[in-house]
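> This is what each chain is made of:
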Amino acid sequence: MSELTPEKFFIRDAWYVVAWPHEVTSDKPLARTVLGDDLVLFRTPEGQAVALEDRCAHRLAPLSMGRIESGGIRCMYHGVKFSVTGQCAEIPAQPAGHPNMCVKHYPLVEKDGFIWVWMGNATLADPSQVMDAPWHSDPRWAPSRGYLHVKAHMGLVADNLLDFGHLPFVHPNTVGAVEQAAFATEVKPLADGVLTDRWYVDVPASRFHQSVGNFKGNVDAWHCFRWHLPAVMSLDSGSAPTGTGAREKAHGTREGAIEFHHIAALTPQDGDHTHYFWVHWRNFDVQDPTMTQTVYDNIMMAFSEDKAMVEAQHAAVRRGSHTAPKAIMADKALTMIRHQVAKRATGAS
Amino acid sequence: MSELTPEKFFIRDAWYVVAWPHEVTSDKPLARTVLGDDLVLFRTPEGQAVALEDRCAHRLAPLSMGRIESGGIRCMYHGVKFSVTGQCAEIPAQPAGHPNMCVKHYPLVEKDGFIWVWMGNATLADPSQVMDAPWHSDPRWAPSRGYLHVKAHMGLVADNLLDFGHLPFVHPNTVGAVEQAAFATEVKPLADGVLTDRWYVDVPASRFHQSVGNFKGNVDAWHCFRWHLPAVMSLDSGSAPTGTGAREKAHGTREGAIEFHHIAALTPQDGDHTHYFWVHWRNFDVQDPTMTQTVYDNIMMAFSEDKAMVEAQHAAVRRGSHTAPKAIMADKALTMIRHQVAKRATGAS
Amino acid sequence: MSELTPEKFFIRDAWYVVAWPHEVTSDKPLARTVLGDDLVLFRTPEGQAVALEDRCAHRLAPLSMGRIESGGIRCMYHGVKFSVTGQCAEIPAQPAGHPNMCVKHYPLVEKDGFIWVWMGNATLADPSQVMDAPWHSDPRWAPSRGYLHVKAHMGLVADNLLDFGHLPFVHPNTVGAVEQAAFATEVKPLADGVLTDRWYVDVPASRFHQSVGNFKGNVDAWHCFRWHLPAVMSLDSGSAPTGTGAREKAHGTREGAIEFHHIAALTPQDGDHTHYFWVHWRNFDVQDPTMTQTVYDNIMMAFSEDKAMVEAQHAAVRRGSHTAPKAIMADKALTMIRHQVAKRATGAS
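Protein chains in written order, with my numbering: chain X, 1259 to 1607; chain W, 1259 to 1607; chain U, 1259 to 1607.
The hints are simulated quantities; they were obtained by calculation from the structure and are not laboratory data.
Heads up, a few of these hints could be off.
In this list, chains with the same sequence are indistinguishable; a pair is considered to hold if it fits within one copy or across any two.
[Stated by the list, open to error] The calculated DSS-like cross-link candidates involving lysine-lysine, where the alpha carbons are at most 25 Å apart (straight line), are:
no., residue 1, residue 2
1, 1339, 1584
2, 1446, 1590
3, 1286, 1362
4, 1590, 1339
5, 1565, 1339
6, 1446, 1584
7, 1584, 1362
8, 1409, 1565
9, 1474, 1507
Hey, can you work out the whole structure from these sequences and the hints?
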């Protein structure tokens, strides 16, 4: 196995996005696997979102085939009911409950349009550490949202996001442009992530930005992000007419610019599959549903290009190689993150 | 691996139902896998049903691609022929046979509408131990027959049959009823199985029994079975109008009752798949082919409910768990059988 | 695992047919796996056919998703370019190349209508050892060509070709005939293969030969081949009217005969799959495209019969057996080759 898909490239003591709020309902439980753990997600009739292990404590039937009831969920094989904390609440034809019959409970936070779960030691779970996404409730921004199920190790998906050197090669006709290849990236390490700056000065706009920005000439464009360990990218991007000094100005004050904020949250399903949740906010035409769809279509087209490449890479790595991977200068950010993760990672289940 | 699907949960020295008699013909060999062994089943032109290993002794081509001939079967790769006991009968262009070139032979009994094979030490195979099914030739009973291929370990399918506590939860709209949840089961251990009695007094009839029995009011209903190791259930069931004293009366003398006898024969294909042969005899409308179909449809609908749950449970168990299974009071019969099997089981191949 | 599919039944230091010349183009790279190695095959705009490992040296993305350029191929993930010998030719935004960033290069020969690669130690690769196929450029012969992807270990496909005893059983209605079963095969060992002679005297023509040869009565027919290690068969076959002394005469001088030359080149993909390239030349109707198709159809029909049997045999062997394979007299040639291969084989990757 190559170091590109280390089995241990997972941090368990962390918050991961597990679902969109609208996916977790009182009607039907949702089964979702995270870090190899099968979870059942549901919302009580009282409105509380809950994550438990998706195995009944009795004989391990999936609780996701169960029935949501007030205060908990009932296994529909033999009728054992569990509370929102995974304690046994009822066993049919058995008057006293079984104090040891409980299922694993996962701390859960619902915030700013995401549902997060804590996959590690529950005593370390601190809801205040869940990332803010202030764009969610800011009327100056309008979101487009999407989800991809990627058949690749999370590490390879993270590599892809951490390296904008691939844009001119994978995305020359969508979110990248051939002329971007020559520009370098500034990378600053943080305690739990990196900050990167990548500006392209006096270049043609990418096809995506041209289609929604209608620029007359060249632009100054940027991709600047903060990476949060293990795997959330919070990215500013945009294009402004060249000569307007966009780089020196603050967000919202750039003349003729289109600006975006993007959150990409990567959640390992297991060593071969990754949940990929993204939101792409824009600061223009915020009331226009057609623009929401246009942004969605452009982002999804570009991410499909990434998905094809990363899945092929994953399959190639899994089948083995005569060749050890070697870093190039463009790999600076991803190499930093690989090292940070390696220090904190524990074995995936 | 959880104890719910122990790899060794197989008894080899036992008779297993392998096929219906009509499946084993002189026209075309039948390939079927039992306890991990690939068998070829065929009937000689003289009428004898035969089970051999489905591998030619020459170069292991499947005999199930071969040709049935008088006295045996010929491999159609290079023409080697084997007798009904697996001895080599002919090698093309090689005058003398090869005395050591034989394939494994499995003892076989055809009786009361089932074909049984012995999977263990052939010297211990006693045809007189093959279970009787007297309903097969009794004109007072009419059968409906079915087969399911279940993607689950045989142990989980057996658990399902051994525990009638699941009826009100899995089958509330078919063969069970919500009102049955409160009734307990009497369980008596035997040397090679268990006897259980489960009576539901003064309850609404299950949807199935109501549809064929047309009861005016509540019924006394019953599920009473004898389990034969490893995995044959012989079950009496029925419903009678409440107040007619059905429980104290013998079969056939209960007023207004409908009565059934059921045989479920479970045969492991391997650690992940189970052959499930069943016959459901009734003591009414025995000449009516429409009723035969109605009974079949009702039983198959209920068994499809079981199949969905057991297959989901098997998949969940196979993927692993943070949770060890824990017994409840309703598990008494299945726990007894689990212990009996564990004592006698040998490794599956 | 049975000795019928030994994992080590592969010789790496050898030339293998990897593709037809027309498959290797300048438009799009071709991905093909040989002996477990993933190769990318392409033709430079200058016309040179090239085989490299199908992994970029940077982060192992498949080069078969790359772009063919003058003098080499460029990975379309991050733009690293490799020369025809696998050396790094360019890294974007990185002025000096990386001297150690190279991918494995496989020696390749294009000759007589086949593309061959050397899978072992490149310093031992001798292009002069690549087999001649003079029929390719001889106007007296006309080819039909085909390819099969067989889901079986190469050893089992080779066994099939090395043993003509299967013709009357697998192919009684195509290229074989029941009457052939009685004839023996002369087998002579060589240093790196075997020579076999099999003549059937005064028998009905096979259905194939009858359909293209229109014989009035019985024929003398033959299958005589030279096997080249590891796995190329070069076969003469044909039919001539009985009584014309065909066996004593040289090719091309037999009265009323139809004659064929056949090359079958077997290339292991991995331990469970085999690439099977074949050419069947005929010495009659050489200008007739309808006859080319007729020959193709007949050969493919027969090889489909082999494929079904060999794939079933492979699956049966892989699932295990109670029975060890045993040789019969007809196995002489295949036993010789098995021994020769075992002596030279190294572990498959």
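> Evaluate each hint against the coordinates.
The hints, checked one at a time:
no. : hint        : verdict
1   : 1339 / 1584 : between (53 Å within a copy, 14 Å between copies)
2   : 1446 / 1590 : within (10 Å within a copy, 63 Å between copies)
3   : 1286 / 1362 : within (20 Å within a copy, 51 Å between copies)
4   : 1590 / 1339 : between (51 Å within a copy, 20 Å between copies)
5   : 1565 / 1339 : between (40 Å within a copy, 22 Å between copies)
6   : 1446 / 1584 : within (21 Å within a copy, 52 Å between copies)
7   : 1584 / 1362 : between (41 Å within a copy, 14 Å between copies)
8   : 1409 / 1565 : within (8 Å within a copy, 29 Å between copies)
9   : 1474 / 1507 : within (21 Å within a copy, 84 Å between copies)
Against the hints set out earlier in the document, no violation occurs for any number.
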